[in-house]
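K.L.:
Please model the entire structure based on the sequences and the hints provided.
Okay, here's what each chain looks like letter by letter:
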Amino acid sequence: MNGKYETHEHDVLVIGAGGAGLRAAIEALAQGASVGVVSKSLLGKAHTVMAEGGIAAAMANVDAADDWRTHFRDTMRGGKLLNHWRMAQIHAHEAGDRVRELEQWGALFDRTEDGRILQRAFGGHSFKRLCHVGDRTGLEMIRTLQDRGVQMGIDVYMECTVTRLLTDGDRVAGAFAYWRENGRFVVFKAKSIVLATGGIGKAYPVTSNSWEYTGDGMALAYATGAELMDMEFVQFHPTGMVWPPGVQGLLVTEAVRGEGGLLRNKLGERFMQRYDPQRMELSTRDVVARAIYTEVREGRGSEHGGAFLDISHKPAEYVKRKLPSMYHQFLELADVDITRSAMEVGPTCHYMMGGLRVDPETAACTVPGLFAAGEVAAGLHGANRLGGNSLSDLLVFGRRAGFAAAEYAKKQSWPALDPAEIAQGEGEMLCVFERQAGDTPYAVHADLQQLMQNLVGIFRTEEDLKSALTGIERLKDRMGRVGVPGTRMFNPGWHLYADMKSMLAIAEAVTRSALARKESRGAHSRLDYPKTDATWGEQNNIIRRHGSEMVLEQSPVPKMPAELQTLLAEEKGAGA
Amino acid sequence: MPEVTLKIFRGDREGGQTADYQVPVSPGMVVLDALHYVQKHLAPDLAVRWNCKAGRCGSCSAEVNGRPRLTCKTRMDSLPGDRPVTILPMKSFPVIKDLVTDVSWNYKVNKKIPGFKPRPKTEWKMRQEDVDRVQEFRKCIECFLCQNVCHVLRDHGKHEQFGGPRFFVRVAALEMHPLDGISRAALLKNELGLGFCNITKCCTEVCPEEIHITDNAIIPMKERVVDEFYDPVLKLVRRIRGEKSARE
Ligand SMILES: Cc1cc2nc3c(=O)[nH]c(=O)nc-3n(C[C@H](O)[C@H](O)[C@H](O)COP(=O)(O)OP(=O)(O)OC[C@H]3O[C@@H](n4cnc5c(N)ncnc54)[C@H](O)[C@@H]3O)c2cc1C
Ligand code: SF4
Ligand code: SF4
Ligand code: FES
Numbered sequence: 000m001n002g003k004y005e006t007h008e009h010d011v012l013v014i015g016a017g018g019a020g021l022r023a024a025i026e027a028l029a030q031g032a033s034v035g036v037v038s039k040s041l042l043g044k045a046h047t048v049m050a051e052g053g054i055a056a057a058m059a060n061v062d063a064a065d066d067w068r069t070h071f072r073d074t075m076r077g078g079k080l081l082n083h084w085r086m087a088q089i090h091a092h093e094a095g096d097r098v099r100e101l102e103q104w105g106a107l108f109d110r111t112e113d114g115r116i117l118q119r120a121f122g123g124h125s126f127k128r129l130c131h132v133g134d135r136t137g138l139e140m141i142r143t144l145q146d147r148g149v150q151m152g153i154d155v156y157m158e159c160t161v162t163r164l165l166t167d168g169d170r171v172a173g174a175f176a177y178w179r180e181n182g183r184f185v186v187f188k189a190k191s192i193v194l195a196t197g198g199i200g201k202a203y204p205v206t207s208n209s210w211e212y213t214g215d216g217m218a219l220a221y222a223t224g225a226e227l228m229d230m231e232f233v234q235f236h237p238t239g240m241v242w243p244p245g246v247q248g249l250l251v252t253e254a255v256r257g258e259g260g261l262l263r264n265k266l267g268e269r270f271m272q273r274y275d276p277q278r279m280e281l282s283t284r285d286v287v288a289r290a291i292y293t294e295v296r297e298g299r300g301s302e303h304g305g306a307f308l309d310i311s312h313k314p315a316e317y318v319k320r321k322l323p324s325m326y327h328q329f330l331e332l333a334d335v336d337i338t339r340s341a342m343e344v345g346p347t348c349h350y351m352m353g354g355l356r357v358d359p360e361t362a363a364c365t366v367p368g369l370f371a372a373g374e375v376a377a378g379l380h381g382a383n384r385l386g387g388n389s390l391s392d393l394l395v396f397g398r399r400a401g402f403a404a405a406e407y408a409k410k411q412s413w414p415a416l417d418p419a420e421i422a423q424g425e426g427e428m429l430c431v432f433e434r435q436a437g438d439t440p441y442a443v444h445a446d447l448q449q450l451m452q453n454l455v456g457i458f459r460t461e462e463d464l465k466s467a468l469t470g471i472e473r474l475k476d477r478m479g480r481v482g483v484p485g486t487r488m489f490n491p492g493w494h495l496y497a498d499m500k501s502m503l504a505i506a507e508a509v510t511r512s513a514l515a516r517k518e519s520r521g522a523h524s525r526l527d528y529p530k531t532d533a534t535w536g537e538q539n540n541i542i543r544r545h546g547s548e549m550v551l552e553q554s555p556v557p558k559m560p561a562e563l564q565t566l567l568a569e570e571k572g573a574g575a
Numbered sequence: 000m001p002e003v004t005l006k007i008f009r010g011d012r013e014g015g016q017t018a019d020y021q022v023p024v025s026p027g028m029v030v031l032d033a034l035h036y037v038q039k040h041l042a043p044d045l046a047v048r049w050n051c052k053a054g055r056c057g058s059c060s061a062e063v064n065g066r067p068r069l070t071c072k073t074r075m076d077s078l079p080g081d082r083p084v085t086i087l088p089m090k091s092f093p094v095i096k097d098l099v100t101d102v103s104w105n106y107k108v109n110k111k112i113p114g115f116k117p118r119p120k121t122e123w124k125m126r127q128e129d130v131d132r133v134q135e136f137r138k139c140i141e142c143f144l145c146q147n148v149c150h151v152l153r154d155h156g157k158h159e160q161f162g163g164p165r166f167f168v169r170v171a172a173l174e175m176h177p178l179d180g181i182s183r184a185a186l187l188k189n190e191l192g193l194g195f196c197n198i199t200k201c202c203t204e205v206c207p208e209e210i211h212i213t214d215n216a217i218i219p220m221k222e223r224v225v226d227e228f229y230d231p232v233l234k235l236v237r238r239i240r241g242e243k244s245a246r247e
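Quick mapping for you: the protein sequence lines, in order, are chains A and B.
Heads up, the first sequence stops at 575 in numbering that gives the first Met the number 0, and the numbers go up one at a time, no gaps.
Heads up, the second sequence stops at 247 in numbering that gives the first Met the number 0, and the numbers go up one at a time, no gaps.
Keep in mind that the hints were calculated from the coordinates and are not lab data.
Keep in mind that the hints are not guaranteed to be accurate.
With a Cα cut of at most 35 Å, we get these calculated DSBU-like pairs of lysine-lysine [said to hold, decoys possible]: (1) B:LYS221 <-> B:LYS116; (2) A:LYS127 <-> B:LYS138; (3) B:LYS188 <-> B:LYS200; (4) B:LYS200 <-> A:LYS319; (5) B:LYS110 <-> A:LYS319; (6) A:LYS3 <-> B:LYS39; (7) B:LYS90 <-> B:LYS138; (8) B:LYS111 <-> B:LYS124; (9) B:LYS107 <-> A:LYS188; (10) B:LYS107 <-> A:LYS3; (11) B:LYS6 <-> B:LYS107; (12) A:LYS409 <-> B:LYS107; (13) B:LYS111 <-> A:LYS409.
P.N.:
Below, the structure written as structure tokens:
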């Protein structure tokens with residue numbers, strides 16, 4: 000093929016170096032595949048590093064009555080039964096082994112009195128189930144996986160952004176990318192690809208997510224023909240910081256409530272009494288986020304438009320030991336000492352339940368040779384994710400994706416790369432330099448964020464969603480005209496231009512799915528259809544590309560075997 | 000809103016100089032917010048490395064008014080408002096562009112360090128008291144600010160012979176892991192050049208995670224090297240007790 004590009008070949012190419020990507024890479028290597036890992040940022044900086052509260056696994060170290068069945072039931076109920084039952088079952092079965100494996104690779108979790116891994120309570124989990132390291136569980140996890148991968152000798156391409164998947168007929172053949180440092184293009188040739196690129200939070204202005212969360216993996220796979228599922232389910236975490244403005248959206252871990260933090264409105268009422276008297280602060284995220292939003296809207300909010308979260312009734316030393324990062328975060332960024340006074344919190348865009356439709360056993364997408372794991376994939380969490388179930392998801396399905404991708408690669412010959420596709424990849428990245436810089440990617444991004452917040456936020460209506468679709472079309476037009484000053488050398492304006500293409504496609508998918516689902520369920524709340532609808536409870540929304548059109552249709556939620564149905568109906572556990 | 004002048008380094012491997020930008024300061028604003036303002040409104044191609052904007056990923060290190068800091072944790076109102084704020088890239092690493100430096104050397108050093116290896120027949124039980132001291136080291140977010148200030152690297156450029164405080168912390172975490180079964184004393188002494196460190200404590204002062212790098216990691220590691228290589232009696236005692244040895 001064209002000798003103009005730097006080219007690398009791997010049996011398995013993993014796109015993403017967060018928990019899911021690294022776990023996939025480790026497994027694929029263990030299966031004897033040659034593996035390359037590509038990531039937009041430096042190794043060890045992926046979003047997973049930010050995870051705070053813990054990793055859910057029914058290990059029963061603290062509550063002896065816990066087992067996989069209860070974890071399965073909690074996950075399904077939390078997801079309002081829209082989850083793929085088989086994913087939820089596999090996840091509940093395997094999470095414990097994956098956590099133990101981390102420990103054997105050197106991770107140091109907090110301990111119980113008798114020396115085992117300590118577990119804490121979290122919203123929607125019936126038992127104390129979250130293995131944790133203070134409030135920096137994600138750092139421990141990513142460091143452990145990173146070290147393991149480095150010891151095994153993975154090839155990591157850091158600060159390298161994939162802008163296009165390459166195909167050979169209907170199977171994947173590789174990826175087209177650029178080095179952030181110098182803007183040069185690079186081509187990866189691979190027999191199979193694991194997408195582990197995470198979520199979409201940067202489409203919203205108030206978010207706990209980092210700049211990397213622009214929905215790239217979903218958009219890349221969609222363009223290649225893969226199916227997206229349940230894109231309307233965007234999780235707003237109930238507790239983000241609301242003040243000062245610079246830190247708006249920054250996460251306040253659910254562990255604060257897990258450790259006994261109380262929510263109050265400006266009248267001092269524990270308002271969760273009105274929304275979920277049984278579980279109160281430890282209700283699921285969708286319920287708590289709507290509760291805070293409603294309190295604020297009805298005039299009972301805090302000074303800066305949030306609610307008060309208070310942990311100061313616990314001994315100061317305890318708070319500092321169990322929530323050290325929160326203590327420092329508030330002290331340094333908001334001048335609030337959380338051992339003495341309450342935090343001001345409000346909903347923040349946090350997690351994408353929807354994503355690529357995958358096979359539960361192998362994490363295969365609907366395009367041959369393409370696999371997906373972690374936040375980029377859909378199915379496990381249904382309409383609402385429980386805290387702690389993402390980190391376990393990354394390990395369980397990251398491993399499965401890595402295994403299946405290596406197996407697939409063993410059976411395949413090398414694909415052929417198509418020079419025309421590569422030329423297109425180059426063309427779409429370079430054209431911006433030729434345009435007059437008027438409108439910038441930054442301006443279009445800011446407008447998209449505002450649109451998503453105002454029209455496709457926590458509460459939705461048909462009218463808003465329709466005008467969002469019109470707005471997104473207008474923003475696409477503008478993107479076709481933006482210019483980027485400067486050169487290809489580490490140029491953030493240019494990088495954002497690449498990310499914006501993904502964000503616009505994903506924003507459209509979220510909006511179309513939200514418009515289609517005429518009911519309220521989990522994280523999706525329609526003011527014009529406030530009730531849960533049993534018919535919709537049996538439908539997943541599927542999106543695929545048809546030419547340049549985005550088409551949406553429903554597909555029945557996979558039927559659960561009778562024994563799991565019985566299990567689900569049992570009354571134990573946290574309630575619906 | 001009050002305004003402040005930022006003097007930001009603009010340039011690349013070939014050289015460069017600072018340029019001035021006027022930025023309005025809002026309540027609670029951090030230096031990284033100010034840099035983002037410049038990108039959005041004044042210089043779209045200003046190169047800055049960051050991820051979390053929450054002090055958790057260690058990407059956004061730079062030198063603010065001469066002090067190595069995480070820009071996402073440095074409040075604008077903690078800096079004198081009547082003078083320009085100078086923002087330069089970390090000095091100990093080669094500049095790629097503007098505030099982004101080439102930190103790949105750190106990843107190379109890391110590769111030299113043998114990972115965790117559990118003792119044979121390990122029962123996976125540990126007491127919190129034994130884990131506490133290692134957890135302190137595991138807080139490291141790899142911001143490389145300690146590497147940046149250490150004179151052995153910054154002034155003497157001993158990147159070839161010296162691992163730097165970040166990696167002494169990493170080795171200490173492995174060596175003090177209650178269940179680890181190998182010794183890295185020879186590595187510390189030879190490849191990582193622990194002897195070059197003369198305990199100035201500059202690294203400890205800049206660590207945003209408040210890790211007691213010198214007292215808790217470097218000094219115990221120096222002692223371990225001494226025991227291992229210069230104190231045969233102690234080494235024998237350890238052997239008998241079944242503790243670690245460099246030559247296992
Ligand atoms: C503040 C915060 C706290 C959280 N706390 C918890 C918790 O306590 N428990 C829990 O279970 N979950 C938690 N979550 C959720 C969880 O952390 C994430 O869902 C999870 O880490 C996602 O992991 P991942 O492997 O899918 O992706 P990530 O870790 O985000 O990794 C994505 C990778 O893909 C790369 N990438 C993306 N696009 C491209 C591209 N185009 N080209 C090349 N590379 C690309 C990125 O560079 C990155 O390496 C939290 C989330 C946040 C934001
Ligand atoms: S104490 Fe040692 S490692 Fe730390 S800065 Fe001083 S010389 Fe460097
Ligand atoms: S030890 Fe501290 S200063 Fe050094 S890299 Fe780690 S967090 Fe940064
Ligand atoms: S951006 Fe992550 S530490 Fe500053």
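K.L.:
None of the hints should be skipped; say for each whether it holds.
P.N.:
Hint by hint, here is what the structure shows:
Between LYS221 of chain B and LYS116 of chain B, the direct Cα distance comes to roughly 21 Å. Compliance with the 35 Å bound is thereby established for this hinted pair. Distance check on the hinted pair: LYS127 of chain A and LYS138 of chain B sit about 24 Å apart at the alpha-carbon level, within 35 Å; holds. Taking the CA atoms of LYS188 of chain B and LYS200 of chain B, the gap is about 19 Å. The hint holds against a cut of 35 Å. As the CA atoms of LYS200 of chain B and LYS319 of chain A are separated by approximately 25 Å, the hinted pair is consistent with the 35 Å bound.
Between LYS110 of chain B and LYS319 of chain A the CA atoms are separated by roughly 34 Å; this keeps the pair inside 35 Å, and the hint holds. For the hint pairing LYS3 of chain A with LYS39 of chain B, the CA-to-CA distance comes to about 34 Å; that is within 35 Å, so the pair holds. Taking the CA atoms of LYS90 of chain B and LYS138 of chain B, the gap is near 24 Å; set against the 35 Å cutoff, the hint holds. At most 35 Å may separate the alpha-carbon atoms for a hinted pair to count; LYS111 of chain B and LYS124 of chain B meet this at roughly 28 Å.
A hinted pair counts as satisfied when its Cα atoms are at most 35 Å apart, and LYS107 of chain B with LYS188 of chain A qualifies at roughly 26 Å. With a C-alpha separation of about 29 Å, the suggested pairing of LYS107 of chain B with LYS3 of chain A holds against the 35 Å cut-off. The hinted pair formed by LYS6 of chain B and LYS107 of chain B meets the criterion: a straight-line CA distance of about 32 Å does not exceed 35 Å. Taking the CA atoms of LYS409 of chain A and LYS107 of chain B, the gap is near 31 Å; set against the 35 Å cutoff, the hint holds.
For the suggested pair LYS111 of chain B and LYS409 of chain A, the alpha carbons sit about 31 Å apart, so the restraint of at most 35 Å is met.
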